[in-house]
Every structure is written in C-alpha cells, then in structure tokens.
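Asks: One line per chain: the protein sequences are A and B, in this order. Following the numbering used here, the numbering of the first sequence begins with 1 at its first residue and continues without gaps. Following the numbering used here, the numbering of the second sequence begins with 1001 at its first residue and continues without gaps.
No lab work stands behind these hints, which were simulated from the structure alone. Don't take every hint at face value.
[Unchecked claim] Computed list of lysine-lysine pairs in DSS-like fashion (alpha-carbon distance at most 30 Å, straight line):
(1) B:Lys1073 with B:Lys1060
(2) A:Lys76 with B:Lys1166
(3) B:Lys1188 with A:Lys76
(4) A:Lys169 with B:Lys1188
(5) B:Lys1051 with A:Lys76
(6) B:Lys1229 with B:Lys1073
(7) A:Lys169 with A:Lys76
(8) A:Lys76 with B:Lys1073
(9) B:Lys1229 with B:Lys1188
(10) B:Lys1188 with B:Lys1166
(11) A:Lys227 with A:Lys169
(12) B:Lys1166 with B:Lys1229
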Amino acid sequence: MNAVLDNFDLVLRAFGYTVFLFLVSAVISVALGTLLAAMRVGPVKVLRMFGTGYVTLVRNTPLVMIFLFFQLGAGKIFDALRFTWVDIHIGPFDFTSFFSAAVASLSLYTAAFVCEAIRAGVNAVPLGQAEAARAIGLPFSGVMSQVVLPQAFRASVPPIASTLIALLKNTSVAGVFGVIEAVGRMKGFTNDYADQRWGIFLAFAIGYVLLVEIISLVSTLIERRWKVA
Amino acid sequence: MRFTRTKAVIATAGLALSLAACGNAGEETDGPDVEAAENAADNFDDGTRMKELADAGTIKIGVKYDQPGLGFKDAASDTPTGFDVEMAKQLAASLGITGDDIEWVETISDNREPFLEDGTVDLVLASYSITDERRQVVGQAGPYLVTGQQLLVAADSDIESVDDVKGEEVCSVTGSTSLDNIEAEGAKPVGFDTYSECVEKVLDGTVSAMSTDGTILAGYAAQNEGELKVVGDQFSEERIGVGYSIDRPEMCQWIVDTITDAYDSGAYEEAFNATLGPSGVEVPELPEMDACES
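Working from the sequences, and respecting the hints, build out all of it.
Replies: Here you go:
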C-alpha cells in the first residue's frame, strides 16, 4: 500500500480527472439525452427518425470505438474535432484536447442511454395528462416542459442513476486515450511497483466504489424528495 | 462486366503492390540466422529449468510487438523481429531450440510480471528495464543493453532537448516508467495503450513529442523517415534485462553467460546491426551485467 500512500496526491489528482470527466459528461449527456427523448416522442417525423437513428447507432457501438473515432478519426474529417482549441488549466488540472475528446465520446455515448431512460419515464406518464395539457391549449413545448417531462423525470431517476453509474465507470476507458485518470494512474503504479500490485488494485477499486456510492446516495435522496404523493 | 473486371484487376494489382511494400519493410529487419546448439540438454544439470526446456525442445518467450527495431511484428508476418527477439533466439539456441520452435507471446508493459509469475512465458525480452521493485516479484538478468529516454518530435519541430517540453503535452504508453519520468521533467503526460497511437498523435501535431527509450524512438524515426526525428540527450538510464521466474534462480547465470558468449562471438553485433543499426545507432559495448545471487 506504500505506493498509494506515498503518492496520495497523484491518486487524488487521478480521481479528480475521473470526477471531472464524469461531471462534465453527465451534464452534457443528460441535456442531450433529454433533447433526444423529446425528439423521439415528439410530433415531427424527421426529428423522431433522427432520434431513433441516433439511439440505434450509438447504443450499438462499443464505447472504445467511439473513443477511437474521436482520438484518431474525427480530427481528420473536421479540424475542429481535434479539440486543439480547448486549453483550460485549473490548478493541477489540464483540460486539453484529450480531455475534450474523452468528454465528447462519453457524452455522445451516454446520451443515447439517458434518452431511453427518459423515454421510459415519458411512457409512464398517463396519456390523459398530455391530452389534458393539450386541451388547455399548451403547445408541444409547453406540454413537454410543464406537464410530461417533470413527471417523466421522477419516474426516470432510478434508470438515469444506473446510466450515470455506468458513465462513471466508463470514464476509465479514457485512461488509455491520453487522460491520466484513475485507471491510467493505476497502470502507472502497477508498472512501477510490481511488488505491490494487489494493494494498488484494491485501493483504486475502493476509490471507484466510494464514488459510485455517492451517486447512488444522491439518487436515493432525489427519488425520495420527488416522490409523487 | 468488362468494367468491373478492369476494376478488379486494378484493385488486385494495388493490393499486391501494397503487400509487396510490406514485405520489403519486413526483410530489412529480418535477423541473421542463429544456429541451435546440438545435444544442448547434456550441458545442463538435472532439475534445472534449462534442462527441462532443452528436453522439451520448445520455449515460450514474451516480446513486444509494437516496437520497431526491438520487438515488432506487423500483421503480415508470422514471427516478430528486432533486437530483443534476436537476443531471445540466442538464448533459445543455447538450449538447442531453433527459432521455429520458439513460441512467441506478445507482452505489453503491464502484463510482463504476471506472465512470468503464472508461467505463461519462460522468458521476457520486451525492453524490460531492471528495477528493484520488479526484482521483488520476478527475476531479472542483465542488462544486455543500456538505453535512456529521449524525445521523438516532428521533423520541423523547434524542440531540441527535454528543457523545451516543460508544460507541453508529451505522450508515451500508459503505465510506463517513461511517462513518470516525463512528468518529473515538468511535461504534461499523455498516456496511450500502444506506442503506435502515440506516434500518430505526434505526426498529426496534437502532442509536442513522444518520449521513451531512445532505441524505440530510433525505430519509429526510421519507419517515418523525414517526418520524425529523435532529439535531446538521454535523460534517464534504462537497463534492459531478461525477465525470468523468480522461482528459477538458476536461469540467471545461464542468461548472463549466453549473452556474454553471444557478444564475444560477434552474434550480438550482428543482431544489433540487423535490427537497430539502420537507425544510425552505433553498436554499444556490452554493459557490465549484475552478479547473479544464488
């Protein structure tokens, strides 16, 4: 365990990157997923088809392939997708092209799953609710934002939480694509301190368990607070 | 119909040409022939691992597949090539095992110790630097080569030494000693799974430089002639050795003796010239090897 304790600042920074990857991707993917869900249940056929197409395509693609695309392919098609224009530095953290490509991959991937979780929530809202909202003259955007989505979100909290937990664990893929997050650092440690592999592995595994526990606690809290009487 | 046939011919011709190109690239790095010792089993005491291997007539050796000049295998070839591979052949030959009977196993930086511990491989020659931590769990004999970390940059880059990469993004392989060293020098580490991805990032300008052992970089510079160059003095010392199971300490002296013999007979020089020579590196003297504890 000495390797972990002696280099605890490095461990914290590595998990810091994990948390940043998670937070940024979580916000983007929930926003994008909500938009996609609205498209899929909306009245415009083109948008419905786009939403369905997106979810089908992305959900059936392994995350690593999306990462590979953004690290090696996307930049060759559109120069902006190299993300070299991102150059933010906060304290010991650097958010540059590699971090951005990881966020893009994780967000676009997770959005498809968030979309489906919310769509399940929308389906759980009784049809009468939407009909009543339309009857009082609300346009589609009003029906969705005032009546359907607030109820849908309540029903979607558990599946979205599962999706976000998966997202947290998926951030580990970024470790082999240029971001020295927890798994990237763990590989460095196991390579340098071959005699302490078990301790290092255990320490990082516990780190992930702690983070996942925080997400499930928050989700339980929200679920209780939002519970429909 | 005719049109499609023409296209097929063109496609086939193109494919054949590109395959031929691959073949040529492979031939350059093909090593010299190594003659296996006859009746090698008689040279070893009963109960030693060397005797067991010589009797079995086959050996499993872990090498890297993505380091041109050291341990490299492209998709088109059946066997890896490189200096590490040639040294492995020398060791196998002293057991009476020819190159054809060596079972090559691809290792990456991360799985070398586990492979030796669980017996997946008998030996590891995979630019395996000797460290005290590693010697806690595996045996390491040598070094047979001493190299150091340098920088690989684009041919038109202004970077001249390690001082120029402070604050810049420099890539290497996730979990390697090189990545830690570059971080200690003040650069921002970027880790990839393989060296080839890292090279790709230097070529397209996303990162300023790649850093690892000079011998590995020289191989890539030779592969991308005119586009990449190796710069700066070595800023670390990596002592490349042979990994073996810690439960078989008798292998240490055999490895040291075999490599010394290979150096004395000129096979070391021949192997070096055939593999790392084209990158312009001089044949080094054999480093003084660590004494074996027994």
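Asks: May I ask which of the numbered hints given earlier this structure violates, with the numbers listed in increasing order?
Replies: Per hint list: single violation, 5.
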